[in-house]
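For reference, the chains in residue letters:
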Amino acid sequence: MSSTRGPARRRWPGLRRDAPYLWFVLPAVVLYGYFFALPVLQAFQYALTDWDGVSPDYDMVGLDNLTRAVSDDSLFTNALTNNLTFLLTVVVVQTLVSLLLAVLLVRNSRSSTFLRALYFVPAILSSVSVAFIWSFIYEPGDGLLNQAWSAIGLDGMRSSYLGEPGMAIVYVGLVQAWAHIGQLMIIFIAGLQQIPGELYEAADLDGAGRWGRFRHVTWPLIAPATAIVVSYTTIQSFKAFDLILGMSGNPPSRSLDILSTRLYTTYSDSELGYAAAQSILFMVIIAAVTVLQRRALRLTRQEG
Amino acid sequence: MHLVSRGSSTRVPASPTLGRRGFVQLLGAAGAVSLAGCAGPGSDDPGRQSTAASLDADASGDVIFSHWRAEDQSVFDELLARFAETYPDVELTQDIAPSADYQASALQRLRNGDSGDAFSTFRGAQFNAFAEAGVYSDLGDLDLVGSYPDELATIGQSDGKQLAVPYQVVFLDPVVNLDLLEKAGVSEIPTDWDGYLAMLDALRGTGAVPFGWPGGDTGNLGQLVNTMVMNNAPAEDMFTQVGAGELKLTDDWFVTTLRQYAELAPYMQEGVRGTLHDSLLQQFAQGEVAIIASGSYAIAPSRAAGAEFPMDLAPPVTVAAGEARYVGVHNATFLLGVNAASENQEAAVAWVDFLSQPENAAVYANSTAQHVGVEGVTYENADLKRLERWLTADTLLAPRFQLLDLDVQAAVDQSTVAVVGGTSPEQAAEEAQAIVDQQIG
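If you're matching them up, the sequences are chains Z and B in order. Take any residue in the first sequence, count from 1 to its spot, add 21: that is its number in my numbering. Take any residue in the second sequence, count from 1 to its spot, add 17: that is its number in my numbering.
Bound-form chain Z, shown alone (with noise of 0.2 Å):
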């Protein structure tokens, strides 16, 4: 009895030891369970059911909706490719300009420090204010940047924007990208200012140009800034639900639809189980891109 037992216990004894002491997170356990790990498991049992999200009736589909999703519906693809273009405009303009604006000014001096604030503030403006101004901006007819164009004499450059099939999706990019730089900055700046003096002091001795000093000191030693800028954006980039909707309304257009957005309106269509599906394929998209994004940091890495 006693050696079949035993094997049992020492299977995991932190757990009995700690025992008393899990009451003490219990009540977090409690609250992360019911508020974030319990939605996520009823959007898996809505998802195989065809629930409108009011009726007392439904059926079981299966696995129809993520089928549907994945192989039967244009739209969703359609705000699939605009997320990934979306994605990847914000991704390079943000972590690039912020990177570059960190380099800048990194050092800790008076001009230095108000522009750091100033590149900040669009950071705190809701993305609400910020799709108005854009908005504005952005106007085909007497909006700021086509003004700025008619005044240097580039009336070829006008455009409408936003009204640009194409390129929409884009110019909404360059809005999320203009509203986070300064954010991502203070990071780079963070990570910049805990690199050791003495590795540029080396690269000089060893005949380092800027590039060099950047490529063999800076790149590799702000990777961890670098991988929770570009995740962080990239999550972000997912999420651009209220930007969009502030840009282009409520449907946006189909060249500005990306998942969130879709996922939204087909819940606004009362159909909960099929919006259920595709948030799970929503979910599974962000942890593919991050893991490949992080691969792929990795790999840069090793290379510099």
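It is worth saying that the hints were derived from the structure and are not from the lab. One or more hints might be untrue.
[Stated by the list, open to error] Okay, the calculated beta carbon distance ranges per label pair:
| no. | chain 1 | residue 1 | chain 2 | residue 2 | range |
| --- | --- | --- | --- | --- | --- |
| 1 | B | A282 | Z | I158 | 20 to 26 Å |
| 2 | B | D454 | Z | L43 | 52 to 58 Å |
| 3 | Z | F45 | B | A74 | 56 to 62 Å |
| 4 | Z | V124 | B | G222 | 56 to 62 Å |
| 5 | B | Q374 | Z | A49 | 51 to 57 Å |
| 6 | B | Q90 | Z | D176 | 43 to 49 Å |
| 7 | B | R276 | Z | I158 | 33 to 39 Å |
| 8 | B | A282 | Z | M304 | 38 to 44 Å |
| 9 | B | Q374 | Z | M81 | 49 to 55 Å |
| 10 | B | S175 | Z | M81 | 25 to 31 Å |
Since this is a predicted model, take the numbers as computed values, not measurements. Glycine is no exception: its CB is placed at the ideal position from the N, C-alpha and C atoms.
Got chain Z; can you put chain B on it based on the hints?
Chain B in isolation, oriented as in the chain Z frame:
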């Protein structure tokens, strides 16, 4: 028995043995119980009263009026004060949700009776969704229904029951600056397509943009399609038939409509596909745009933006002279209903009845510069007076709201944007129909 932690001499109190498998099982069981306990597919309906309570002069208690019109808060406050004089024992408050969230958020709360003893809905998809969810009580036996003309009252009916009454009437027709029209030498709005295009040519001579269309504003760009199809379509319920797969967007009537959009395009403003309604309103108010293609709801904000010129409706009649069945389009919206799950229906009915009395409806109409569905109202607002004749004209109930699926509605709207942007009408129609086919299965 005491357990001693590894690497430490600290003694901890005894606890029941909990293996990893047991722990996981416990979590799983907790999850299953929680899932089962949560509302979800198959939730039971709460108890409901399907027929509204009768009007009670002694109504009392707390009532919540749910709606989305934040811009009407002050006029409703004024009406609430008047209501309190008649029903001093009723404590009525407004619960205002943004219109974009209203359907998603309000419906759940209404179903539970947590909010919205009296509430409003949009005509079309929203009214249908709320009706299907069973949140309305039947107002059919109440006198207040008699305050609305029969043709409008039918809008609030579903399955033979009078579930709501349409409080607001708007004309979803383009609005014209009459000063510019006079300057262009046009004395009357043409009632045929060639005449309409000739009018736009004449308006171009004034230096203003003849026809402003908010092609980048998904909430407003679709209003024009109402008038564009009213005389082209083979039936009044053309979009219901499109949604049912009985008519196609590739049929002649819709392709012809798209061709006419293409004919309108040269008269529209620069960058039309990206133009927002608010921006267009400013240009219209400043006399830079002669016609704004949205609806009568554009008049009040134009006045607020400084417009002092007289305005009228200028619906495009897309057929030859003498062939028009309709001269314009109207819509009845802001449908008022009483919640079937309300615990205080008498007071909610009293509020809807109060709003439906002509003298109170007049307060609402003149303050909001919108016509109302209530009969016998005296309009004092100059714009409402000028447009009052349209209330009795041969106008069609806005057909776009027959499209109950947002994606189908967007497909129709976007086909018009595509054509104005240069896509051929045939191709735009095919692309739109492909989405319709996908959505209706």
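Going down the list of hints, with the structure as the test:
The given range of 20 to 26 Å is respected by A282(B) and I158(Z), whose C-beta atoms sit roughly 25 Å from each other. Look at D454(B) against L43(Z): about 56 Å separates their beta carbons, and that is inside 52 to 58 Å. Checking the proposed 56 to 62 Å range against F45(Z) and A74(B) shows it holds: the Cβ atoms sit about 59 Å from each other. Separation of V124(Z) from G222(B) is about 58 Å and conforms to the stated range, judged on CB atoms against 56 to 62 Å.
Look at Q374(B) against A49(Z): about 55 Å separates their beta carbons, and that is inside 51 to 57 Å. The hinted window of 43 to 49 Å between Q90(B) and D176(Z) holds, with their beta carbons roughly 44 Å apart. A hinted range of 33 to 39 Å holds for the C-beta pair R276(B) and I158(Z), which are about 34 Å apart. In this structure, A282(B) and M304(Z) meet the distance hint of 38 to 44 Å, their C-beta atoms being roughly 42 Å apart.
Between Q374(B) and M81(Z) the C-beta distance comes to about 50 Å, which sits within the given range of 49 to 55 Å. Under the hint 25 to 31 Å, the C-beta atoms of S175(B) and M81(Z), about 28 Å apart, fit the expected range.
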